[in-house]
Amino acid sequence: MSKLTVANITGLRFPEKITGQDRRHFLGGALVVLVAISVVPLFVADYWIFLSTAGFITAITVMGLAIIIGWAGQVTLAGAALLGTSVYITGYLMREGLAGSGGWPFIPALIIGALCPAVLSALIAVPTARFSGIYVMVLTMGLQVTLERTLFTYTWITGGVGADVRINRPKIFGFEFNTDHRYFYLSFSVMVIAAFVMYALRNSRHGRAIQLVRTDRQAAAAVGISPWLYRVVAFGIGGLFIGLAGAMTAPLYESPPALTQYILFQSLFLLAIPVVAGTQSITGLIVVSLTFQILPPALQSHRLSVYLLGGIGLVAGTLVGPRGIVGTTLDFLQQQRDVKSLERASANENDLGEEATDESKKASSNITPSKPATESAKVRKDE
Amino acid sequence: MFQPFIVKASFVTGIASGALYGILAIALVMSFRMSRVVAFVHGGIALSSAFLYWYLVANPARTSGHGTNLAYATKEWPKLPAVILAILLGAGLGILFASVATGRMSKWPRITVTTFALGGMLLFAGITQEIWPGAFEIVPSPFGKGRVSIWGANVSHHQIAVVSILVFLVIVLHLLVTKTKVGVQIRAISDDVEAAEIVGVPVRRVSMGVWCLTGAMAGLGGILLAPMTRLGASVVLFVLIRSLAGAVLGGFNSLPLALLGSMLFGQVEAHVTGGTFGKISSGWREVILMAVLFTGIFIVTRRRRSQFRLTEA
Amino acid sequence: MLEVSELSAGYGRLQVLFDINFGVRAGEMLAIIGPNGAGKSTLLKSLIGVVTPTKGRIIFEGSRITHEPPNMRVARGLTLSPEGRRIFSSLSVHENLLSGAVRTSSSVIETQLEKIYSLFPVLAEREKQEAGSLSGGEQQMLAIGRALISAPKLLLIDEPSMGLAPLVVAELYDALLKLTSEGIGVVVVDERVTEVTRISDRTCIVEKGRIVYEGEHSEALEQLRDTAFLGTL
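Protein chains in written order, with numbering that gives the first Met the number 0: chain A, 0 to 382; chain B, 0 to 312; chain C, 0 to 232.
No wet-lab data here; the hints were simulated from the structure.
Some hints could be false.
According to the in silico footprint, chain B covers these stretches of chain A (three or more CB under 8 Å from chain B) [what the hints assert, rightly or not]:
| hint | stretch |
| --- | --- |
| 1 | 106 to 114 |
| 2 | 131 to 143 |
| 3 | 174 to 185 |
| 4 | 308 to 314 |
With a Cα cut of at most 35 Å, we get these calculated DSBU-like pairs of lysine-lysine [claimed, not checked]:
| hint | chain 1 | residue 1 | chain 2 | residue 2 |
| --- | --- | --- | --- | --- |
| 5 | C | Lys152 | B | Lys106 |
| 6 | A | Lys339 | C | Lys54 |
| 7 | C | Lys114 | B | Lys178 |
| 8 | B | Lys106 | C | Lys207 |
| 9 | B | Lys180 | C | Lys127 |
| 10 | B | Lys178 | C | Lys152 |
| 11 | C | Lys127 | B | Lys178 |
| 12 | C | Lys152 | C | Lys114 |
| 13 | B | Lys180 | C | Lys207 |
| 14 | B | Lys180 | C | Lys177 |
Partial chain A-side listing against chain B, Cβ under 8 Å, derived [unchecked claim]:
| hint | residue |
| --- | --- |
| 15 | Arg148 |
| 16 | Gln217 |
| 17 | Ala221 |
| 18 | Ile262 |
| 19 | Leu263 |
| 20 | Leu318 |
These figures come from a predicted structure and were not determined experimentally.
All C-beta atoms, glycine included, are put in the ideal place defined by N, C-alpha and C.
Construct all of the structure, not just a fragment, from the sequences and the given hints.
Right, dumping it as structure tokens:
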């Protein structure tokens, strides 16, 4: 335990015991995705490959948002601007003509590009320690608009309209990811790594601390966890994920993408994905990201605009409840399983204590263990 | 550098745009006081009403893409019925939103309901985009094209109308809130919802009424803002964020402070754009706005910390 | 006039009340006592309608009101002065009183205002003052006054004596006795067991969400009070 490892210092550690339920979810999700990924590219047109690549990158963005929503309990409206910041900065560093002929190599450009939004995102969270969620929303909306009207108006960074700026696909350790297929696999791998990191973070000591801060501030403060610091950290890590996604986007289009992809409405569209998917299931986030990326072009003949899809997603997702559509569905399945296992082991009451702490998470399930009234009243007072 | 003429002209335009922000800011504050929700949805309502108004009154020969098969076949209705219809649309959309926000979501965390409001805005924007894709239009003012000279500045009838409407709204709302039985109920709800429910205030009905009213105001705001620039989704957002900033300066709670904030933004913006302080890029304008917004939030949350803890998600 | 049977209620999955049965007659004062967290406030909240019962019936003057919203119950003549007073601190005293009169005709408001002001003269003095600036005792009077403005037949009061000086409490209790003498039923939840049982006609003891004692004889009550839970207070 006391070994001085990277994992110990950072608190980044895979949980020692993954419960059976979690593992089954995780492995099941991973298997489905893996099979789909290895089979699908063989059969579909390049256009769909390109779209799926964009979908994977969106999934990384959405993981960042899910970290902020799920861990800090806050909603950020600056998602698209942060993404765009990274896209344009990475693109600027990588473009042909900068630093001699071919621009910066991918990795350093990616690091710089990913760090910028992380820092911005953390900075915006710094003064928000005592703010209620709605003010964080207004403030991040301000950040979004400010970035839109400052950074994005400098044509030397964004490339301007119709400018001939070329960004090459990356070359990593001598291997060129210069076709859509190769970039597809690269993006997929990065997404999988991001998913693993998110999973590990969530189950780390710090990840749990962050969740405690969200669910009960007073308790968190009482056990010496600084809500302020963890909120800043959650925003920073979220920003880092978004930055990573932006850096992956930059070489995807091979030239700087249009500004309209990074405006406020786009932030809302991105927000719709974790709202629909809920923040618990990473697989859910990925699936919904891919769906949201592919659906508008696929339904182009029916003119399904991105805003409409995002609007429907946000409205439906919030209507269903805090767990999102995917989360609610999972809850329902879980509940079916719970009922069965309760029937099986009705005599064993050991799980009751754990269930009380999980109250908020399972609010939508309807199993009502009849508790002594004193305990109930105590919990009620704490609320 | 310092030119009195520019200052005067900027001052007058600043009042007009400040008044426009003020109308939406009032709607935001009143909705917040009813439901503790930032009514982003009003942005979507303003957009929908503005587009409906444009569709009903614009001359098809003046729409973008005229002469091609992409042109929009706008009607050339008289202005008054179009204005009324567009305001009714706003009121209806306000009720639609409130029926969920004060019904199913009445006891939900406020941050979820605010996200729902964002969804409403995006949904309404999406629907207008579906109907009129890519429209970025010049919209005729309901008050004609006339202009007069006031205090050395060339002022349009439209600008005068916007300011008058704001003054009228403020007076009416003030009377409603302070002098009527419903006003007492409205203030009781915004003071303590549960207590209001306990003493017998029909909280849901009153809230729906207020949302209907603020929806109509947002619709009116949309109609008024469209002729001042061009009509498009980004323009409405541009105005919404300024109204929001004004409302934040009033802590979402105080109408006079929200109005003052809106007027302040109108002035700062007009002087910066108009050139009172020389040439400043539009980017810096946003940075200034952001700084003011930020300071406002900071002051407001300091002052009312205890109250906001109660409403926290 | 009020008949509660088999009432169960709670918050979400937490059940707080279990099969509550009791009744109140016109002009009667019923005291409800019990340890902290026993569910007394929840009981009053479910009577006024801000907590929805999961089971059982509430009958008020012959009509079933179990699932009616609070404003309907107030219109029927059932009002609550809530725990912690919950006056509207940014409204004036007068406006606070009016806020409770949603469906009351102006003539009734006039007579009730007169009655409230004679019951609590200090409120008349502070009529235009902002309610947040009142003292604790005055705020409690205002909360009761607000519940009286609609001329209720049954008044529910939650913790009126909390944080108040004994002299003020005595004044409040006097006012409550006056109300019962006019035929208004009063249900009062209070922590000051000795004082409240002295003025009440009957007493219910609530423990862990259940009524464990109901009776008219204060002797039996005192015995039970000493043995059952006084130590936990």
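Evaluated hints:
1. 106 to 114: Answer violated; 0 residues pass the 8 Å Cβ test.
2. 131 to 143: Three-residue rule met by the stretch 131 to 143 of chain A, so holds; n is 10.
3. 174 to 185: violated (count 0)
4. 308 to 314: holds (count 7)
5. C/Lys152 x B/Lys106: holds (30 Å)
6. A/Lys339 x C/Lys54: holds (26 Å)
7. C/Lys114 x B/Lys178: holds (24 Å)
8. B/Lys106 x C/Lys207: Distance of about 26 Å is within 35 Å: holds.
9. B/Lys180 x C/Lys127: Distance of about 16 Å is within 35 Å: holds.
10. B/Lys178 x C/Lys152: Measuring from Cα to Cα gives roughly 29 Å; hence the hint holds.
11. C/Lys127 x B/Lys178: Cα-Cα ~14 Å, so holds.
12. C/Lys152 x C/Lys114: holds (15 Å)
13. B/Lys180 x C/Lys207: Violated, at about 41 Å.
14. B/Lys180 x C/Lys177: holds (29 Å)
15. Arg148: holds (4 Å)
16. Gln217: Interface hint status for A/Gln217: violated (10 Å vs cutoff 8 Å).
17. Ala221: violated (16 Å)
18. Ile262: holds (7 Å)
19. Leu263: Where the cut-off is 8 Å and the nearest Cβ of chain B is about 6 Å from A/Leu263, the hint holds.
20. Leu318: It holds, given that the least Cβ distance between A/Leu318 and chain B is near 7 Å, below 8 Å.
Hint check: violations occur at hints 1, 3, 13, 16 and 17; the rest are consistent with the structure.
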